[in-house]
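Protein chains in written order, with this note's numbering: chain A, 1 to 116; chain B, 1 to 114.
Because the hints were derived from the structure by calculation, they are not lab data.
Keep in mind it's a predicted model, so treat the numbers as computed, not measured.
It is possible that part of the hints are untrue.
Over the 12 Å line for every Cβ pair with chain A, so calculated as not near, a few chain B residues [to be verified]:
id: 1; residue: D26
id: 2; residue: F35
id: 3; residue: Q39
id: 4; residue: S42
id: 5; residue: Q44
id: 6; residue: T60
id: 7; residue: Q69
id: 8; residue: L84
id: 9; residue: G85
id: 10; residue: K101
id: 11; residue: T106
To spell it out: a stretch of chain A is covered by chain B in this simulated footprint if at least three of its residues, at any positions, have a beta carbon under 8 Å from a beta carbon of chain B; those stretches are [as the list claims (entries may be wrong)]:
id: 12; stretch: 11 to 23
id: 13; stretch: 43 to 56
id: 14; stretch: 87 to 96
Quick reminder that beta carbons are idealized off the backbone N, C-alpha and C, glycines included.
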Amino acid sequence: EAGVAQSPRYKIIEKRQSVAFWCNPISGHATLYWYQQILGQGPKLLIQFQNNGVVDDSQLPKDRFSAERLKGVDSTLKIQPAKLEDSAVYLCASSSDRVLAKNIQYFGAGTRLSVL
Amino acid sequence: AQTVTQSQPEMSVQEAETVTLSCTYDTSESNYYLFWYKQPPSRQMILVIRQEAYKQQNATENRFSVNFQKAAKSFSLKISDSQLGDTAMYFCAFLDGTASKLTFGTGTRLQVTL
């Protein structure tokens, strides 16, 4: 079974530029999550999708961050315009709706963003 | 809101020895789940062990076991027979039973030495 795929692995941009990250969850996983992990901290949830609908985006800075999950599979997270404080690792995770597996989230390797 | 506290920023253990990582949490919920995730330099979060709050028996996974003290809201991870490959950041995480939002601690960096 393939894991959660993310790309790119690294991205360096200048402030005020835009950037997009892509995530492909584990096949059949209905729930997809985007986390932001700032250096020295634990991941913080940005947005959660159930199929192609948003369940929780309360911590997403909506003035500059946007995310979509078209067709309930792949997802894209975008930042426009980027700020210095957006430098972080962006992790994607997915989980199954099956009862016994529902509470386990599987993570991708993340995208490390550096904003200069 | 739930909080997760890991009070040990860094720990070191010799190969083959045993080490315990601490975690405390705060919640008013009665139904929840606790996790330990490992994050090696590759950055991928790997699930180490999971504990359901309603289970009194402590979870074990090979060399990894937990000491779950519900009343004290404590959830420590014991790694036995430490291996060089155990070197990583370890995150304690809390999951509310009615939602699926993981709340992570700040992590403990574990170094296994020869």
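Evaluation of the provided hints:
1. D26: holds, 15 Å
2. F35: Violated, since 8 Å does not exceed 12 Å.
3. Q39: violated, 9 Å
4. S42: With a cut-off of 12 Å, S42/B comes too close to chain A, as the shortest Cβ separation is near 6 Å.
5. Q44: violated, 4 Å
6. T60: holds, 17 Å
7. Q69: holds, 21 Å
8. L84: The claim stands: L84/B keeps its Cβ more than 12 Å from every Cβ of chain A (closest is about 21 Å).
9. G85: Given a closest Cβ separation of 17 Å, the condition holds.
10. K101: Contrary to the label, K101/B does not stay out of reach of chain A, its closest Cβ about 5 Å off (not over 12 Å).
11. T106: violated, 5 Å
12. 11 to 23: violated (count 0)
13. 43 to 56: n = 6 at 8 Å, threshold three: holds.
14. 87 to 96: Coverage by chain B holds here, the residue count being 4 at a Cβ distance below 8 Å.
The structure does not agree with the numbered hints 2, 3, 4, 5, 10, 11 and 12 stated previously, though it agrees with the rest.
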